[in-house]
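Student: Below, each chain spelled out in residue letters.
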Amino acid sequence: MSFVEYGDTIKDGDTAIVFLGHESMFPVKVQHGTVTQTKYGVIRHSTDLIGKKYGSKVTCSKGGWVFILHPTPELWTMNLPHRTQILYSTDISIITMMLELKPGSIVCESGTGSGSLSHALIRTVAPTGHLYTVEFHQQRAEKAREEFREHGVEHLVTVTNQDVCKNGFGVSNIADAVFLDIPSPWEAIGHAKSALKAEGGRICSFSPCIEQVQRTCLAMEEYGFTEINTLEILLRVYNVKTISLQIPDLGKAAEDNSSTGFDSSNPSHQGSPCANLQQGTVQFKSGVPLREVVGHTGYLTFATKS
Amino acid sequence: AMEGGPSSRIREGDCAVLKRDDVFKAVSVLRRRKIIFEKQWFYLDNAIGHIYGTTFEVTSGGNLQPKQEVEETTTEAKEAGTDNRNIVDDGKSQKLTHDDIKALKDKGIKGQEIVQQLIENSTTFRDKTEFAQDKYIKKKKKKYEAIVTIVKPSTRILSTMYYAREPGKINHLRYDTLAQMLTLGNIHAGTKTIVMETCAGLVLGAVMERMGGYGSIIQMYPGGGPVRAATSCFGFPKGFFDNLHEFPLSKVQSLLSGTFSAEPEEIPLLEEESNGLSEEKQQETEEEPAAETTMEINPTEEQDSMDISAEEVEFKESKEKENKENVREKQIKQWERRKKLKEAAALLREKNADGLIVASKFHPTPLLLSLLEFVAPSRPFVVYCQYKEPLLDCYTKLRERGGVINLKLSESWLRNYQVLPDRSHPKLSMSGGGGYLLSGITVLLEQGRADCRNSEAPKVEEPSSKRCKLQDLPC
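As they're listed, the protein sequences go chains A and B.
Quick note: the first sequence, position 39, residue 39 per the numbering used here, numbers continuous.
All you need for the numbering used here is the position in the second sequence, starting with 1, plus 306.
It should be emphasised that the hints constitute simulated quantities derived from the structure, not laboratory data.
Keep in mind the model is a prediction, meaning the values are calculated, not measured.
Backbone N, C-alpha and C fix where the C-beta goes; we use that ideal spot for every residue, glycine too.
Take these hints with a grain of salt, some might be off.
[To be verified] Residues from chain A shown here face chain B by an in silico Cβ test under 10 Å; the list is partial:
{"id": "1", "residue": "P103"}
{"id": "2", "residue": "L234"}
{"id": "3", "residue": "G280"}
[Stated by the list, open to error] Calculated pairs, DSS-like style, for lysine-lysine (alpha carbon to alpha carbon, straight line, at most 27 Å):
{"id": "4", "chain 1": "B", "residue 1": "K331", "chain 2": "B", "residue 2": "K411"}
{"id": "5", "chain 1": "B", "residue 1": "K444", "chain 2": "A", "residue 2": "K57"}
{"id": "6", "chain 1": "B", "residue 1": "K373", "chain 2": "A", "residue 2": "K53"}
{"id": "7", "chain 1": "B", "residue 1": "K373", "chain 2": "A", "residue 2": "K241"}
{"id": "8", "chain 1": "A", "residue 1": "K197", "chain 2": "B", "residue 2": "K411"}
{"id": "9", "chain 1": "B", "residue 1": "K331", "chain 2": "A", "residue 2": "K197"}
{"id": "10", "chain 1": "B", "residue 1": "K458", "chain 2": "B", "residue 2": "K408"}
{"id": "11", "chain 1": "A", "residue 1": "K197", "chain 2": "B", "residue 2": "K703"}
[Said to hold, decoys possible] Residues from chain B that keep clear of chain A, each with C-beta distances beyond 12 Å, as calculated:
{"id": "12", "residue": "R471"}
{"id": "13", "residue": "Y481"}
{"id": "14", "residue": "Y520"}
{"id": "15", "residue": "S676"}
{"id": "16", "residue": "Q724"}
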């Protein structure tokens, strides 16, 4: 297993994802002799995990069961330990496409943060590309290096511990794309430009505040970037539910023949696919939005070096 | 790392994309071919050899020349007003007439100069606020500057172009939705991916771009052959197509039931619109359906039975030889086609695909239920549908089937912004909808049981916090 190559069976040393149910999962480092506690009981790595196929159902000691999944950058993003606020897959998706990333691409990123985007970038540029990621916090940089090693991708990434605004990315004129998620991206635009290849490189800056965006756009213009474009993207998730709505009792008309309103015994309504004739309710399937959703993550500004 | 080499120069035969502001158009780069784009006529000949991303001016002769960098005079303090309370829009503030402007254009005056003339001949220009002047200049430049940028095709460029120009061809799949699919599907190099799309080959192209030629793709197709009009725009190297297979949907049931055979069957003569518009058919790079082959062989046989003179006999003999060669060629093609079909079938039969992407005009449920059979456990799948309701049905049927977890029905919301000093705001127009996605992960399917813990089958709505993980359900 690695984050850039699928494996079929769970092996010692793998990072696997334990899936307990709707929106409930966590990563686990597979190791001989280890056990993992879950609310459904204990999982013994040696007997329950190692050698089993990814996607298997594992019964825990209390009798409940879980699924063991192969890690992907997307699952990692949902489960990684946060050291900083992270980017989620919705933003990551549009960033990847708008930066035109693909196998072989050279990408520069700062800050590394918790490595959410980093894992996704590495997956996209593998097997022939490379990620140069810069993080000014020493422990975070070290933790990132450790994780990339554990996840089998260290050959595809270089972590540098420095301040990108002062010292840049450590490379010149080779990057196909640069990504910035730092407090003052306008201070790094110059460095971004020198890291990018001569023509056609793409840049993206992520900022939560519009004021940051304004300064960044100005800086991009000053440095000669073109096609400057700012957007934001949000995911709207729908819960699929069967809904039952009661039919109101509108009483009967003065004449005693038939009742008014939506009468379930009325032959003209019998053809309706959703009417539940017995209980005076109508059932239908609906995609119901969640009560609270993410309303904002940040603005994404893209541009081209020309 | 050497991507930026020869492939970044415009070459004859390339598929290039013309760009002006936010308008795109894909064209073939051919000499002496007149192109019309954004009310301009020009030839691409002079663009050949330049780097992609270059912006050109269209000269009066219809030729392209690289646009010179012009120094913007921003340092002078411009005369401007404070608001528009006294500006009356009577349509008379521009002193240059239509004919005057045309005369300037005919003289070969550059767009920039025309804009300057318009400014000088506008009675209200200096009364406008600075912002209004800015807006005015931008608007006139847009109209009179004859420029075009030639960009290299990519998923970003082509998906934006198709959504703006021909959304009907791609089932109104908006480019950010496509971006979500590629990530949710974990599309990357080295995987074995099944793609089923009726989006003119755009989705296939996007998948191919993200796979970089590594791994393999099996494209499922309806009707006689897959449409790959958009795919050819990407300009992939030939090698990318070595591991691109295709398999007809019409043989899926037989493959699943074990009765698959590569021999041609009676193919209905109605090639119908399920294969796209006729113009797209011409661009199909795919094999002709077997029916056409059989039909072409028959005329040969008819010719043999004709009765004629000596001259015509000679002619007939050489014609016969030609026909025999044609027949032989067609037989070889047919044999090759059958071989490829068997190869694709073999790949599918392994039932170990790493991912499934569906984006078509068909109802998604039957596609998902059948194509998921070919996917390995613990692998992602994504289905796109222009409408939400079919995905509700799909979701329900998948729950009943079991073998899938983490089902998610989603839609992405996208907004573009204008960012200018003191004038930043979302853009005025916005896409109302970009389609819907249903995604999930496969798991090992147990015989005869659904993953009943998460059953959301007919039950009354409850707030999600109260929905219990029913451990005591007999499973």
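Student: Each of the hints needs a verdict: does it hold here or not?
Tutor: Taking the hints in turn, this is what the structure says about them:
no.	hint	verdict
1	P103	3 Å, holds
2	L234	4 Å, holds
3	G280	14 Å, violated
4	K331/B / K411/B	25 Å, holds
5	K444/B / K57/A	61 Å, violated
6	K373/B / K53/A	59 Å, violated
7	K373/B / K241/A	57 Å, violated
8	K197/A / K411/B	38 Å, violated
9	K331/B / K197/A	26 Å, holds
10	K458/B / K408/B	34 Å, violated
11	K197/A / K703/B	49 Å, violated
12	R471	18 Å, holds
13	Y481	7 Å, violated
14	Y520	6 Å, violated
15	S676	19 Å, holds
16	Q724	8 Å, violated
In the structure shown, a violation is registered for the earlier hints numbered 3, 5, 6, 7, 8, 10, 11, 13, 14, 16, in ascending order.
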